[in-house]
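So you can see what is in the structure, the chains are spelled out below.
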Amino acid sequence: MKIHEYQARGLLSSFGIPVPPGDMIEKASDAAAAYAKIAQAIGKPDALAVVKAQVHAGGRGKAGFVKLVRSAKEAEEASKFMLSNRMVSPQTPPEGLEVTKLLVASGADIADRKGGGKEEFYLAITTDRKTRRNVMIASREGGVEIETIAHERPDAIIKTFIHPVAGLQPNQARTVAFNLGFRGKQVAQAVQIMLNLAKLYVAKDCTLAEINPLVITPPTTEHPDGQVIAIDAKFNFDDNGLFRHADLQAMADPAEENPAEVKAHEFGLSYIALDGKIGCLVNGAGLAMATMDIIKLHGGEPANFLDVGGSASEQAVTEAFKIILSDKSVKGVLVNIFGGIMKCDIIAQGIINAAKQVGFTVPLVVRLEGTNVDAGRKLLEAARKDIPTMQPATDLTDAAKKVCAAVG
Amino acid sequence: MAILVDANTKVICQGITGAYGAQHTKGCLHYGTKLVGGVTPGKGGTKDANDLPIWDTVAQAVKATSATATMIFVPPVGAGDAVLEAMEAGIKLICCITEGVPVQDMIKVRAMIDERNAAALAAGRLDDVVTLVGPNCPGVITPGPKTGAGDSAKSTYTNNGCKIGIMPGYIHTHISEAKRGKAVGIVSRSGTLTYEAVWQTSALGLAQSTCVGIGGDPVRGVNHIDCIRLFAADPNTHGILMIGEIGGTDEIEAAKFIAEQRRSGKLTKPVAAFIAGRTAPPGRRMGHAGAIIGGADDTADAKIKALQEAGVEVALSPADMGKAMAKAMGI
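Top line first, the protein sequences correspond to chains A and B.
In terms of our numbering, the first sequence is residues 1 to 408.
In terms of our numbering, the second sequence is residues 1001 to 1331.
Chain A extracted, bound-state conformation (with noise of 0.2 Å):
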């Protein structure tokens, strides 16, 4: 799942994580007044501010939905601009995206680096499986890509793991802060954005929590240390974890998601489109990786990952034949099933259903295997006369050579 700046900005602020200020708008004309707040709180008239569209999609600058401006009168140009037309980039379909909820936050100014460069940090927590524990990444040169530094320079990256049980402590963030170049009154606040940070991973289950850039503001005579803030932020979240987070569940936003994998989430379907014409029909997540890779090695290419889990109902899997057959470069499909906790009468059910619901038009390799394999090969056997293109396989090979010849 993914969220909006507006957003992450949102969780940061609720966990003490000071951000530039900024408000989320939906109206071209709450923008001035939007404006209006970020030049009371900066002190100046004509602050420099940016107005960002609020889609997941990348390009936003080229495409003009990324704009700076010193007045409220721009603002709400730039706002009216990005409301009234689509958004068009490399990343977005052809037709682009529209946009509804705009950032209005301020550009914030970054204290210059003695020696060269601007005080930019990276700061993240992730979880690093193999010592089973969450992990803090911080790094001096912050505002690039963390792996491009991983790679060419390991040494320039500090990690600190944290206890499961104890949590991230104020001398390892301590440690961490004076070793990233903090000085003075600075120290005090990045420890506490560390600390913070690490609450918030643990209590939002995340699965990353990354502020890039951190940054220090330009000393003024309030702060002549500057103030250390949180400019950019991305969060990865658990999907286990989400059961007990009705906050995040309601920032999933449907319109950004691919609809065929939204439909198959709400009936515990485990679907990823792919880019190939053979549709898959599998019972377990290994498994259906595995008939991806033998699709693949026959010479086929695999139209989907789905994944109908170990308790589908009749129902879910007439659900998934739907979802399947709704991708129209899907010229086959192979149903792959070693019944577990899936019974195989059950999947030759819903094969049955969906042959009466939408048809197969396509051709349909069936291998079932496992618990209540006879059922399910006789529900089959008597209704292959109503499902004139389905064959059925009698192991993994033979259901990949099948379906790869039919699709051709």
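Derived by calculation from the structure, the hints in this document are not laboratory data.
Treat the hints with care, as some may be off.
In silico DSS-like pairs for lysine-lysine, Cα to Cα no more than 25 Å straight-line [said to hold, decoys possible]:
1) 1092(B) / 130(A)
2) 73(A) / 62(A)
3) 1179(B) / 401(A)
4) 130(A) / 1108(B)
5) 277(A) / 356(A)
6) 130(A) / 159(A)
7) 1047(B) / 1034(B)
8) 1266(B) / 130(A)
9) 1323(B) / 296(A)
10) 118(A) / 67(A)
11) 159(A) / 1108(B)
12) 130(A) / 1026(B)
13) 44(A) / 73(A)
14) 73(A) / 114(A)
15) 2(A) / 101(A)
16) 343(A) / 1026(B)
17) 67(A) / 322(A)
18) 1063(B) / 1034(B)
19) 234(A) / 130(A)
20) 118(A) / 130(A)
21) 1026(B) / 1063(B)
22) 328(A) / 343(A)
23) 1323(B) / 401(A)
24) 343(A) / 1154(B)
25) 2(A) / 73(A)
26) 44(A) / 80(A)
27) 199(A) / 1108(B)
28) 130(A) / 1305(B)
29) 1026(B) / 1092(B)
30) 27(A) / 80(A)
31) 296(A) / 1305(B)
32) 1047(B) / 1026(B)
33) 263(A) / 2(A)
34) 67(A) / 101(A)
35) 1327(B) / 296(A)
Using the hints, position chain B against chain A.
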């Protein structure tokens, strides 16, 4: 012998009155597992559909039955806690079948299990070491010879095997019924892919000593390495088949471990492997929470290469898992 479980293992089911718990309690009972009761808080003192006693707490169940293993079907919200309850009650083998347990819960659970095991080992109390299998796994099975239809508690499929989990029992083969007279140990991150491997090895005349589904989650109990070590030491395991997938670096670690054990002479048995997800696109979670390609070591190709370099016979097609095992065993 086999690993982890055998015909004498006494098993309880946590979440025995839930739909899945009830269904698979019956399945295990009919297979021939010594399933001696279950736990559902608030339903203590009643009986389940199979006339098995139900307790409110695991501690009560252990006291009454001397069970040493548990099969957990508790929903995700309480699954981690159910694991810890079993550990506190003295259960030695905890199979957590539940799918969808939050990663942050498992981080805490694993830390508490590891802490307890470290203390037990330091004090030389080897019997107190707790083994967690899963979550999000099919469980563990040590097959027995077929003795009955497997459709009731009176006519169990075997009277000398143990199935803890959701795998279909009938596809497994006991060594006494295997044409080749040899048994393989199977360890896998995927449920249905394990069934496929069992099916293929059975079809080639091989038996299975024990099959362990370690689960598809990023933070879990036993790993490939733990099972390979157990299989290496088990006299009735003649070959080892490991099934991995994209995501994480466990298979790479396993490859290093195998190479090391080979050099030191501790591992002399043939090893075969299959890695699922060669065609999976990076950055997308393929069903399993753990199956997502992040770094270079996460890919199927990197894992296959590491295993091949460790002298493991790697099947490139999922249809050839059995053949690769047979080839490695010289059959």
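A quick look at each hint next to the structure:
1. 1092(B) / 130(A): holds (24 Å)
2. 73(A) / 62(A): holds (22 Å)
3. 1179(B) / 401(A): Answer violated: residue 1179(B) to residue 401(A) is near 29 Å, above 25 Å.
4. 130(A) / 1108(B): holds (15 Å)
5. 277(A) / 356(A): holds (23 Å)
6. 130(A) / 159(A): holds (14 Å)
7. 1047(B) / 1034(B): holds (16 Å)
8. 1266(B) / 130(A): holds (24 Å)
9. 1323(B) / 296(A): Since the Cα atoms of residue 1323(B) and residue 296(A) sit roughly 20 Å apart, the hinted pair holds (cutoff 25 Å).
10. 118(A) / 67(A): It holds: about 22 Å lies between the C-alpha atoms, which stays within 25 Å.
11. 159(A) / 1108(B): holds (20 Å)
12. 130(A) / 1026(B): Measuring from Cα to Cα gives roughly 36 Å; hence the hint is violated.
13. 44(A) / 73(A): Holds, at about 15 Å.
14. 73(A) / 114(A): violated (37 Å)
15. 2(A) / 101(A): holds (15 Å)
16. 343(A) / 1026(B): Holds, because 15 Å separates the two Cα atoms, which is no more than 25 Å.
17. 67(A) / 322(A): Measuring from Cα to Cα gives roughly 42 Å; hence the hint is violated.
18. 1063(B) / 1034(B): holds (16 Å)
19. 234(A) / 130(A): Within the cut-off at roughly 23 Å; holds.
20. 118(A) / 130(A): Roughly 34 Å separates the two Cα atoms, so the pair is violated.
21. 1026(B) / 1063(B): holds (23 Å)
22. 328(A) / 343(A): The hint is violated at about 29 Å.
23. 1323(B) / 401(A): holds (18 Å)
24. 343(A) / 1154(B): Answer holds: residue 343(A) to residue 1154(B) is near 23 Å, not above 25 Å.
25. 2(A) / 73(A): violated (32 Å)
26. 44(A) / 80(A): Holds - the C-alpha atoms of residue 80(A) and residue 44(A) are around 24 Å apart, at most 25 Å.
27. 199(A) / 1108(B): holds (15 Å)
28. 130(A) / 1305(B): Within the cut-off at roughly 20 Å; holds.
29. 1026(B) / 1092(B): Status holds; Cα separation ~22 Å.
30. 27(A) / 80(A): holds (8 Å)
31. 296(A) / 1305(B): holds (19 Å)
32. 1047(B) / 1026(B): Holds, at about 13 Å.
33. 263(A) / 2(A): Given pair residue 263(A), residue 2(A) holds - Cα atoms ~17 Å apart, limit 25 Å.
34. 67(A) / 101(A): Satisfied, since the Cα-Cα distance of roughly 14 Å is no more than 25 Å.
35. 1327(B) / 296(A): Within the cut-off at roughly 24 Å; holds.
Of the numbered hints stated above, those contradicted by the structure are hints 3, 12, 14, 17, 20, 22, 25, listed in ascending order.
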